[in-house]
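Asks: Listed below are the residues making up each chain.
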Amino acid sequence: MIKKGIRAALVLTVVTVMGLASFTGCNSEDDTPNNPTNTAADTEETATPSGTTGEIAVITREEGSGTRGAFVEIVDVTIEGNDNLTLEAVVAPGTSVMMTNVAENPLAIGYASTGVALGDDRVKVLYIDGVAPTVENMLNGTYAIQRPFIIGYNLDTGLNELAQDFVDFIFSAQGQDVVADRGYVPFVQGAPEYSPSGLTGTIVVNGSSSVYSLMQHLSAAYRELNTDVTIDVHGAGTGHGISAARDGLADIAMSSRDLRESELEFMSSLTIAIDGIAVIVHPDNNIQGLTLEQVRYIFLGEVTQWENAR
Amino acid sequence: MGKRSLRLLNREYAAKILFIISASAAIIAVGLICVFLFLQGLPAMWDMGIIRFLTGTDWRPTWDPPRFGILPMIVGSLYVTAGAILFGVPIGIFAAVFMAKFCPRPIYVILKPAINLLAGIPSVVYGYFGMVVLVPFVRENFGGNGNSIFTASILLGMMILPTIITISENAIRAIPPEIYEGAIALGASHERATFKVVLPAAKSGVMASVILGIGRAVGETMAVRMVAGNQAILRMPHEFLSGARTLTANVVIELGYAYGEHRAALIATGVVLFVFVMIINALFSILKKKESA
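Chain order of the listed sequences is A and B. If you use the numbering used here, the first sequence corresponds to residues -11 to 298, in order. If you use the numbering used here, the second sequence corresponds to residues 3 to 295, in order.
Hints listed in this document are in silico derivations from the structure and should not be mistaken for laboratory results. Worth double-checking, as some hints may not be accurate.
Said to hold, decoys possible - If you want a taste of the chain B side facing chain A, the calculated C-beta under 7 Å gives, among others:
id : residue
1  : Thr64
2  : Pro67
3  : Pro138
4  : Asn143
5  : Asn147
6  : Asn232
7  : Gln233
8  : Gly245
9  : Glu256
10 : Tyr259
11 : Tyr261
Since this is a predicted model, take the numbers as computed values, not measurements. Just so it is clear, CB atoms sit at the ideal spot from N, CA and C, and this is done for glycine as well.
Okay, chain A solo, but in the shape it has when bound:
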């Protein structure tokens, strides 16, 4: 009995010590968020009044990503038509990894779809050639880095009645309202009203992870009107979506770039929205904007210091 008591006491002591240790652990974790502000203050002190200095940390998406393809093409980060984005760039697989990387690194520069970047306070969105990536500026075409969001279907098999109804919804007033609400530019002006069809069944949509979040909101709005329809939206990537639609595994493919000629042989192409690509930096970076040319040189790896980027 006494032995047991001693053992219990021992275990209790250990648990308390462990608990204390984890507490101090928490404290040191609490310190970590302070560190970046400290370093930011240090940089401000040491830096010239004009702002952030140091080696630019270029962050890019992976080869084959629709966002990267569109960015490289529009900004012309190429050599003889080939993607020539600096190999020194950190490769962030996926939009969320990109956002976290830029949000965590005071010297980072990256890019992401405006729909994502404008809604994320952790990063700062840059002016390009003095133009902010707003809906207005994309509609009037003054913002330079923009691209279409496209849906497509297999031309051989066509759309079934249900998928056709969903496409009709996307191009209706309600559907284009969802597009505008999400921060994208609606492609169809003065679209007709949509009235629910009463159809039932399942629609499979697959493709670009950039279009994915918009498509989820479109499908949610559609299912409010058609409660008996299930829509499976997958964001496996543009290439995946197109091959899935070709092989009959998806009804509708999503793409965040213009379809290639080889793809147009078997796919239709319907533009549902325009998306800008925002160039993003850490919020502590005091740069406000860059020219398209500067962005190009940074991502080519020819400008490597922040002090040379102005």
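Take the given structure of chain A and dock chain B to it, following the hints.
Replies: Just chain B now, with coordinates in the frame of chain A:
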């Protein structure tokens, strides 16, 4: 022969078949993976030129014409694995010695489940931890942009700890107590007996744990690609604060988008990785054989 023994015989026969099916399931799985990988990967490697594929330093899959050289990734995998050994092995072995020979019971009952828990954490969670804690830490204290070989090595070192600790601990515990007691009887202290007699006696088991840890480090994908920077550049060892891409990261990052020749090159990358792992497993079984001999 009675009815009863006949039924027993039948039962034994049924059990035998059941076990054969179960055992062959694993073999069939390995066989299928082998056949699939080599059928898809080897012709592509052959077309690209095996030497050029293995020693090429340019990875430009979307170029026209594309360039597929995976030497940067092979070297990247080697660096990251070597770094993981550097961090993980000493800590792992000392932890195992502590747990087997020095740990008071009340601490042990907490430490043991904690290590098991460490083994059970999904690698994407390790990756997220690395991305938001280790990457800024390395950037602020060591320089570079944080996404580096060094960061990946620390993270992998943490991830192989449970493998090394658990297997090494078992190996140390398996040493007959007479060996330890003999050393004590000859006047050695507890520490001396443990480190000079028991640990050397458990050498092959400890080595086996290290090799299994290496296997895990080479094959780790999810966490590494979130912290390593993934640049397909051939790095020199002194550039350990720069990023690199591993073989696994190369496959998983680009496979989602790849088609045609690019896809084939990624599967060929998988073949190279598979050969790596086979070499490691062969080493493991050689060690095992030595142990039993």
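Asks: Looking back at the numbered hints, which does the structure fail to meet, lowest number first?
Replies: Hints 2, 4 not satisfied by this model.
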